[in-house]
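Colleague: Residue strings, one per chain:
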Amino acid sequence: MILVELMNDVAPEVCLFIIPVFDNDMTSNSLRGPYADSTEECYGQLQNYSGLEYVKCCSLLCDKFTFLEFSISHSQITRLYSRFTSLDKGENGTLSREDFQRIPELAINPLGDRIINAFFPEGEDQVNFRGFMRTLAHFRPIEDNEKSKDVNGPEPLNSRSNKLHFAFRLYDLDKDEKISRDELLQVLRMMVGVNISDEQLGSIADRTIQEADQDGDSAISFTEFVKVLEKVDVEQKMSIRFLH
Amino acid sequence: MEGAELAGKILSTWLTLVLGFILLPSVFGVSLGISEIYMKILVKTLEWATIRIEKGTPKESILKNSASVGIIQRDESPMEKGLSGLRGRDFELSDVFYFSKKGFEAIVEDEVTQRFSSEELVSWNLLTRTNVNFQYISLRLTMVWVLGVIVRYCVLLPLRVTLAFIGISLLVIGTTLVGQLPDSSLKNWLSELVHLTCCRICVRSLSGTIHYHNKQYRPQKGGICVANHTSPIDVLILTTDGCYAMVGQVHGGLMGIIQRAMVKACPHVWFERSEMKDRHLVTKRLKEHIADKKKLPILIFPEGTCINNTSVMMFKKGSFEIGGTIHPVAIKYNPQFGDAFWNSSKYNMVSYLLRMMTSWAIVCDVWYMPPMTREEGEDAVQFANRVKSAIAIQGGLTELPWDGGLKRAKVKDTLKEEQQKNYSKMIVGNGSLS
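Here the protein sequences come in this chain order: A and B.
Per our numbering, residue 29 is the first one in the first sequence, and the count goes up by one each step.
Per our numbering, residue 180 is the first one in the second sequence, and the count goes up by one each step.
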């Protein structure tokens, strides 16, 4: 049983709430509550939660003020959590790469492996719900950010710049903030399969780097990447709209 | 002693009632109208419950509950449009946007994996198992729910279990007895009688209400009947209205006993597990069966696995290569009264049957459709797709080209290669592929 008491008339900058939450294995119901008297502390304490209690906390906070890293409504978060649990065949609160590969439409996507990789931070093989949401947040439509008035906070994950950085990381295999000719070739090879010869692919890569490269290091840095794509409607191409 | 006598009296009265009201009418195919009254009361109760729930929940949650709409707005444009491509455009760094967006859309919501779990209901039907997001609405609703639990578990469940037990035992005994007779029209008539009676008893044991449409197209002897597959109950539903020859693997245990008994009374086609792998052998035996016009129509489920009754998935071409007339049948369950889908990875047969018997009822529509045959110049795959479309349209189901086998198996690499080929054509264009 989750008991919640939200102080209704308190200004959004200060929240004071008591939520008994379950342990991660959801069997015991020990009374631990985040008890904060400032938003930073609220948010800080949320970092420790995962799984269902995270969902409940998020849902409650969403009703009161725009959420932390990504503006998302109560119903959307519960739907995503239900999707997360249906993908989690091992029922241990985390997803592995195999869980993603079980989605047929993702498995046939030429860049499927790179996309799956984006969910897993360096060296890890499991992603929890928070990480799942964090990666999905890149695809929120940009206009949702107008609701957020947190000017001093970190840039939201779905800003134009962060979306571009996400795409940049799909190419940047070794995470050195540069797309080398080799990396571009590898990603191109993933997209075209066996249908184009090495020479032709090589010339495509060379041309692309030549057009983008401005500082002459035969690689594309993030700034150069942004410059090449300045006319592209990133908002429309890299956003997924929720229906409600 | 008194207690035992009393218990004995109660048991015998109970059995007489069951015999009189349910078993005898089943033999003659007559209905006394008890189940109709039950269904009427049930429908009224559920309508009342829906109205109460809608009044009780805040507006936005109602929108959320329309599961059929989907979570996200999917961009169904093909690759050319998505890549803002005319043929022959060159590769651009932004091409990766299209693939990543498609990938993320699939992660949030895909067409295939949702078909392997039960459909979400638009409004709660007072069963705990379908309660996704329970909010306490009112005392009255909770009271009705408690009453429902008592009725389902204490009144209906024992009755249904008794009926199922009687039905299956009668089937085994009846078919074994009939099997002793020499082959004659009397034997066939008796075998039909036994089958139909036992199936009707079993259907009543699930409180099944079935509407058969277009009975004039009922599958004829010497044909093949194909239908969409949702659960093993499909067989029961179809055989209540006519006798079929079943095709399937030989099982052990209770299923095996039933299978062996049934085959004595009329010729079904059961295969050993090893024989199933040999497609030619299977095709040969089936061909022999339909060549004999006196034999009952074969019942086949070309999807090969249970799907959740919201869509029809790829029909395997094997059944369509045999030749002969295909009689398509569409089966659609009404999920409001009970979820008929068998999620075999989650529930085994016994727990599935228990879930069936503790639902309100099994309500479904069966549409018989005009027979179809393979046309000139059509190969088995195209024919299978044509039949699949017809069934999907009739039953109001979505049609998917995906293989039901993806429930357990990985997707084939050829599909990914197709995507890669399409993309390659776009960025090189004008036929200069190597």
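By construction, these hints were calculated from the structure, which means they are not laboratory data.
Please note that the accuracy of each hint is not assured.
Unchecked claim - Here are the simulated DMTMM-like cross-link-like pairs (lysine to aspartate or glutamate), alpha carbons at most 25 Å apart as the crow flies:
id	chain 1	residue 1	chain 2	residue 2
1	B	LYS280	A	GLU152
2	B	LYS591	B	GLU555
3	B	LYS280	A	GLU126
None of the values given here were measured: they were computed from a predicted structure.
Colleague: Against this structure, judge whether each hint is valid.
Modeller: Hint check results:
{"no.": "1", "hint": "B:LYS280 <-> A:GLU152", "in the structure": "24 Å, holds"}
{"no.": "2", "hint": "B:LYS591 <-> B:GLU555", "in the structure": "30 Å, violated"}
{"no.": "3", "hint": "B:LYS280 <-> A:GLU126", "in the structure": "20 Å, holds"}
In this structure, only the earlier hint numbered 2 is contradicted, and the remaining ones agree with it.
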